[in-house]
Amino acid sequence: MIELIAGKYNYWIYICLMMIGFYAIIAKGNLIKKIIGINIFQSAVFLFYISISKVRGGTAPILWENAVLYDNPLPHVLILTAIVVSVSTTALALALVIRIRKEFGAMEEDRIAKLRSDGP
Amino acid sequence: MALKFTLLFLLVVCAAAAVRMKDLLGAVIMLCAYSLIMTLIWTLLNAVDVALTEAAVGAGIVTVLLIAALGRTGSREEDPPPSSLIPSAKQPADRHPSSLAVVRCALPLLAVLLTGALLVYGTLDMPDYSAPASPANLHVASRYITDSAPVTGIVNFVTAILTGYRGFDTFGETVVIFAAAVGALLILGKGGKK
Amino acid sequence: MTEHFPALLVILPLLAAVLIPFSPAAVKRSAWHISFASAAASLALAARLAWEAFALGKVSYWFGGWAPPWGIEYSIDPLGALLLLLTAFVTCAALSYSRAAAPAELAAERLPYFYSCMLLFTSGLTGIIITGDIFNLYVFIEIASLAGYALIAAGRRREALVASYNYLILGTIAATFILLGIGYLYMAAGTLNMADLRERLPQVYHTKTVLTGFAFLVVGLSIKTALFPLHIWLPDAYTHAPSPVSALLAATGTKVGIYAMIRVIFTVFKPEFNPSTVPMTVILAGLACAGIIYGALVALAQTNIKRLLAYSSVSQIGYIILGAAISNQTAMTGSLLHIINHALMKASLFMCAGIILMSTGAEKTGDLKGLGRRMPLTMAAFTAAACSLAGLPLTAGFISKWHLALGAVEAGLWLVVPVILAGSLLTAVYFWKIIEPAYFSPAGERRPVRPEAPAGMLAPAVLLAALGVALGLAAHFPALGAGRAAALLLGNP
Amino acid sequence: MSGRGCGGNLIIKTVSGFLIPFIQLFALYLAAHGDLGPGGGFQGGTIFAASLILYAIVFGLDEGREKVYEKAAGVMAAAGVLVFGGIGLLCMAAGGSFLQYSALLPGDVKTAYHLGIYGVEIGVGLAVAGALLLLFMKTAGSRDD
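Chains as they are written, first to last, in the numbering used here: chain A, 1 to 120; chain B, 1 to 194; chain C, 1 to 493; chain D, 1 to 145.
Only chain A is shown next, with the shape it has when bound in the complex (with noise of 0.2 Å):
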C-alpha cells in the first residue's frame, strides 16, 4: 500500500487539479470562470505528461558530457505544442465572451439563456 502511494502520488495531484478545473467548468455558470476552470483542467493534463517524462537521477534533456541519464524529452515537446493551443483557445474564448457581454449584457449563464428566450 505504501509502496502503491510512494509510486503513484504524483499522479494523483494531477487528478485532483484536474477534477476542480472540471468541476469549474461544467458546474459554475460565469462565462470567465469557465475559461479560468479549463486552464486549471488543462495544465493539470501538461503536468501529468511532464511527471511521464522525468526519470530518477535524469538531467535536463540538453546534451551534457558528465549526465548519465536524461529526461525524457519527448513530453516536454508535445507539451510546448500543447500550451500553444492552450492560449490559442482561452484567447478565442475571450473574444467570444467579450461578444456575448456586448449583445446580451450578461456574463451568467442562466441569464443568458433568460435573455435568449424572452429576446426578439
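Each statement offered as a hint is correct.
Derived DSS-like pairs (lysine-lysine); straight-line CA-CA distance at most 27 Å: (1) K8(A) with K4(B); (2) K8(A) with K54(A); (3) K71(D) with K102(A); (4) K364(C) with K114(A); (5) K433(C) with K364(C); (6) K28(C) with K67(D); (7) K58(C) with K270(C); (8) K208(C) with K270(C); (9) K67(D) with K102(A); (10) K102(A) with K28(A); (11) K102(A) with K22(B); (12) K8(A) with K208(C); (13) K67(D) with K13(D); (14) K208(C) with K54(A); (15) K28(C) with K190(B); (16) K102(A) with K114(A); (17) K28(C) with K71(D); (18) K102(A) with K190(B); (19) K190(B) with K71(D); (20) K28(A) with K22(B); (21) K22(B) with K114(A); (22) K4(B) with K54(A); (23) K433(C) with K369(C); (24) K67(D) with K190(B); (25) K28(A) with K114(A).
FYI, nobody ran anything at the bench for these hints, they're computed from the structure.
Chain A is already provided as a structure; the job is to place chains B, C and D on it using the hints.
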C-alpha cells in the same frame, strides 16, 4: 522532495481558490499564481523549456488577456439571477427550486468524481513515477537521446525534436495560434470605430 | 512531384488561408477566388491520391524524411482516401455556395476572415484524416475546432455566439480528454505512431492504463462526433450558424470525428482488444440505437427547419456509429456508405434551408406553404435529399441502410433491425412535415422576393442532391469502394 | 485600454522604459539560442509580444492608429507562418520532403540543420508574437466600447 511536495500542495490550494473566489479579478490572480507555481515544479522536474513557456504564456499572456477581457465585461461572479430579469409570476418557483439545486451541484460533482475515479483506476498499474525502465522512456525517446545530437548537431534535444523530428507538429502549432487570431477577428471585427 | 501530394493536400490550403486575411486590399477582394482555387486544387490532389490508395492499398509520406515511429507520418488507405475525396468535394460545393450566401449573412469586412477560417477548417479536417500520428491528430483536431468555433459565431445572429461558446467549452473538454488518452497510451507503449501503437499495444492490452486511455479517447471523440447523449452542442450550433457553415460542418465536421473514432478503434487497436470488464461495442451500439430514435423523435417535434435538420443529424450519426459498432464487413460497408450519403444529403438540405431563408425569410415549417410551385428547383433538391436520408429505394440512403440491416442480421443482432426500420420511418415522417405544406398546401401570404435563388447557391444544392440519386441508381460503384475500404480496415481482404 | 496608458505614474513609466529594451534583448537571445539551451522561437516570440504589451499598457497606443497596429501584427503573424511553410516547401523544391532540412545543403548536413532550424525559429517567433499582439489588441479593445 519536501520542496516539491509543498509546491504541489500550494498548487491545489491556488486552483481551489481560483475556482471558489467570487471576485473574478482575484480568481485571475490566483490562476496566475497557479501558473507560477507550475513553472517552479516544471523547473524542478527538469522541463526547462516548458517552464520558460509556462512562465511567459500561462503567468504572462493568459493573465493579461483575462484581465483585459475583465476590463470590458465586469469582474463579479453573480450568485442568483437578479430578480428584475425574471418574470414576477415565476419568481417563487425559480428562486429556490430544489431540483435546480441538485442539477447545479450534485450532477457536476458526480460527473467529476466518476471521471476522477476512472483516472485513478488507470494509474493503478502504471509504471511508478520516475522509473527509468517505463515504456515511455525506452522506445522512441531513447533513440532521440542517442541520435539527435550526432545527426542534427543540435545539443538541446527538445529543440531538435520540436523543429526536426516533429517539426510538422510545430508547424501545426503556429497555424493553431494563427487560427485563433483570425477567429478573434472574425468574431470581433476589425479595430477602430464601428 | 506526385510523392509530395499528401503533404501538399494539407499545406496548400493552409498557406492560402494564411495569405488571405492580412494581404493588400486587392488580394482580399479576391479572397473567394483564392480559397475556391485552393479547394479545387485540393480536390484534384485528393482524387489523384484516392486513385493511388485504391491501387496500392496504402500511400505514406514521411515529414522531414524521418522514419515513422520517430518522425510524423502521413498514411492514406482506401478508407482515408474516400473521406479525403468527400471532404474536398463538399468543401468545393460549400465554397461555391458561399459566394452568394456569405455576403448575405455576414458583414462585408469579415469576409476575408471567413474564407480564411473555412480553409483552416477543411485543412484541419484533411490533416485529421490523413495523419498516421496520434499526437498530430490532436493538433489538427484543434486547428479544425478553433476555426469551427469562429465560423459558427461569424453570422449576425447573437444566439450563434452562445452556441459557439458552448461548443467551445465542450469541444475543449473533448480535446483535453483526447490529449489525456494519448498520454495514457504513450505511457503504456512509448510511441505515438498509430501503426507502431498497433504493434506494441497488444502486450499491454490487459493493463488498466490502456483501458483508461482508450475510454478517454473514445469519449473525447464521441463529443466531437456528437454521439448521443454527448450531442448537446450540436443543435444550437447548426441552427444559428450561417448556412454555408451549417452545410460544411454538418457534412464534414462530425464525419471526420467518426472517422477518427474508427481509426482509434480499428487501426490503433486490434479486434483482440475487447475488454471483458467493459463491453465497448455493446455500449456503442446501444448508444447509437438510442441516438437514432431520440434524434428522430425530437426532430419530429421541431418547427424550425434548421433545428429539425440538426436533430436529424443526431439520428443519422447514430446509424453510422451503429455500423462501426457491429463491425462486420457488411455493416462497416453500410456505415461508410452512410457517411458519404449523409454528408452529401445534409449539405444539400442545409443549403436549401439557407436558400429558402434568404429568398422568403421562412424559418418555420409552417411558412413553406406553396413553396413547391414558387421555388421548384430548391424544393426538388430538398425532396430528393430527404428521400435519400430516409432510405427510399433507388436512392443512396437505401443502399447504406440495406447494408446496415443486413450486417446486423449477419451479426445475429435481430433487435437492431426494427430500430433501423423505425428510424427510417421517423425520418420520412419528419421530412414529410416540410414537404407536405410545400407541395400540397395553397400558397400563404408570404411572397418570395425572388422566384428562385441565385444560380451560384442553387447549383451546388441541386448537384449534391442529384449525386445522392445517382449513387443510388449506380449503387454498385460506391458499394464496391466502401466494401474494399471496410475489408482493409477490418483486416479481411 | 490601449488608448489610455497608465495615468501619469512617473515611476512605472521610467522603470518600464528602462526595462523594455532589456526584455526585448532577452527575447531575441531566447529565439536565437534554442539549439544550445532552453528557449526557442516560441518563447522568444511570446516574451517579445509581452514587452510590446507592457509598452501598450504603460504608455498607451496612439489613438486612431489601432487599425495600423492591428494590420502590422496581422502581417507579422502571417509572415511567420509563411516563413515556416516556405522553408518546408524550399526543402521540397531541393528534393527532400517537407521540412527535411538536410536537403538544403546536401554536402553539410549539420549546417543545413542549423540554417533550417534558425529559419523555422524565426518563423515561429514572428507568428507567435504577431498573433499574441493581435489577440491582446482585440481583447483589450478600443476606448469607445
